[in-house]
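**Q** Chains U and D, in that order, give the protein sequences.
Position 205 of the first sequence, counting from 1, maps to 205 under my numbering, and the rest follow consecutively.
Position 144 of the second sequence, counting from 1, maps to 144 under my numbering, and the rest follow consecutively.
Watch out, some of these pointers could steer you wrong.
All copies of an identical chain are treated as equivalent in the list; a pair is satisfied when it fits inside any one copy or across any two copies.
[Claimed, not checked] Simulated crosslink set (EDC-like; lysine to aspartate or glutamate; CA at most 16 Å straight-line):
#1 K241 - E178
#2 K241 - E147
#3 K196 - E173
#4 K5 - D25
#5 K5 - E121
#6 K2 - E121
#7 K240 - E28
#8 K225 - E6
#9 K16 - E212
#10 K241 - E212
#11 K224 - E173
#12 K84 - E121
#13 K241 - E141
Simulated from the structure, these hints should not be mistaken for laboratory data.
None of the values given here were measured: they were computed from a predicted structure.
This is what each chain is made of:
There are 2 protein chains.
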Amino acid sequence: MKTLKERRTIRKYQQKGISSELLNDLLESAFRASTVGNMQVYSVIVTRDAERKEKLAPAHFNQPMVQTAPVVLTFCIDLHRFSKWCEQRNAVPGYNNFEWFTTGAVDALLVAQTFCVAAEEKGLGICYLGTTTYNPQMIIEALELPELVFPITTVTVGWPAEEPAQVERLPLEAIVHEETYHDYTPEDINRLYASKESLPENKQFVLENKKETLAQVFTDVRYKKEDNEAMSENLWRVMKKQGF
Amino acid sequence: MKTLKERRTIRKYQQKGISSELLNDLLESAFRASTVGNMQVYSVIVTRDAERKEKLAPAHFNQPMVQTAPVVLTFCIDLHRFSKWCEQRNAVPGYNNFEWFTTGAVDALLVAQTFCVAAEEKGLGICYLGTTTYNPQMIIEALELPELVFPITTVTVGWPAEEPAQVERLPLEAIVHEETYHDYTPEDINRLYASKESLPENKQFVLENKKETLAQVFTDVRYKKEDNEAMSENLWRVMKKQGF
């Protein structure tokens, strides 16, 4: 619990590997996570090789962690293995659709997060790469993923070489709703985002980007409508291409 | 780590509540999970009220845990709060699309799983309800979710009133791929699924359902192609209806 509360994302790693023994032990723990119908419709691709990391890096906009972390894990939705088992057992699989893309994503993400909790408990540091769904086709090619396998998230792992300050979070009341969703009044929004907006580093972001508000840094600089829409179309197209 | 390795899903709960203090403490830990751009694009709906549980139950095919667990948590993708903040800050949000549905799902699922790990560490038992994406519209109505809020998974939580045996998992080598995806030969499939197929309870499933193979229990009884396809269409339709 202490580890969970005090955790922070680690982007700088020591030049020191992670033994296969430790990695497999952490993965074993991760695979105890809940899985729909005990079907385990996921796979994990382990990247240690420098050349392979170099191939993966552009998909993640060359974020340095991909090449500096000793281990990169790509967590994939995998209906391929299960379907193959069905076909070999005189059973007709029907998992090449959006419902099972989503179910596979749930399965894979519970495993990813359990891995991360277990890794941090052992003193390792992790960083999630949200870029995984931006350029899935590049990852599919770099890792040679067949039909019905789709990368849903990536985690870089290593021994921490930094101890960053913990970042802020919204207050509990911003996220938790009792019984039904309680919509936010303008006053609620002001109150709930006040602390985030008042942080010196966030004020600095606004200044640096020559924006009026922190929200504009998100909408005009970091996650722009036109980029989001292009990525949505691409994600949908690649999902279809992978057979879902 | 011990808790992670020895965990099992709990479907029977003592008639004993969970204090708000404990629940909020677990949720605080969960909200430390990684989140894209520190945007926290998720919400959690807490159901304790018996009448509300009765409304939720049919969406989950009346699985008894919904009504017997002291607490039911519905983890939602939430782009509504963030968009509202943007609009109130003279910023034009662009998160009503498939990319952000997926990103919100990642965010919400990392939180859900962190909650579960923390809860189990405290001796609570949990059960995920995969039914959440089967009947999302019923959940949306029961919990009064506005546009850009979508239920992605549900967890029932309570003090265990059972100690079930741990269920099997595929061997590590079935899930983990070194550097690239290694496709499975027919012999691999036979070997990797042998232990699962040989379990007395799984043999019993095949017998009870009058099937030839365990795989047929999945394809012909539990998760049928025509049901999967109908649910896919429904999921897509409701996702659009919620504004994504």
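**Q** May I ask which of the numbered hints given earlier this structure violates, with the numbers listed in increasing order?
**A** Going through the list in order, the structure violates hints 1, 7, 8, 9, 10, 11 and 12 and respects the others.
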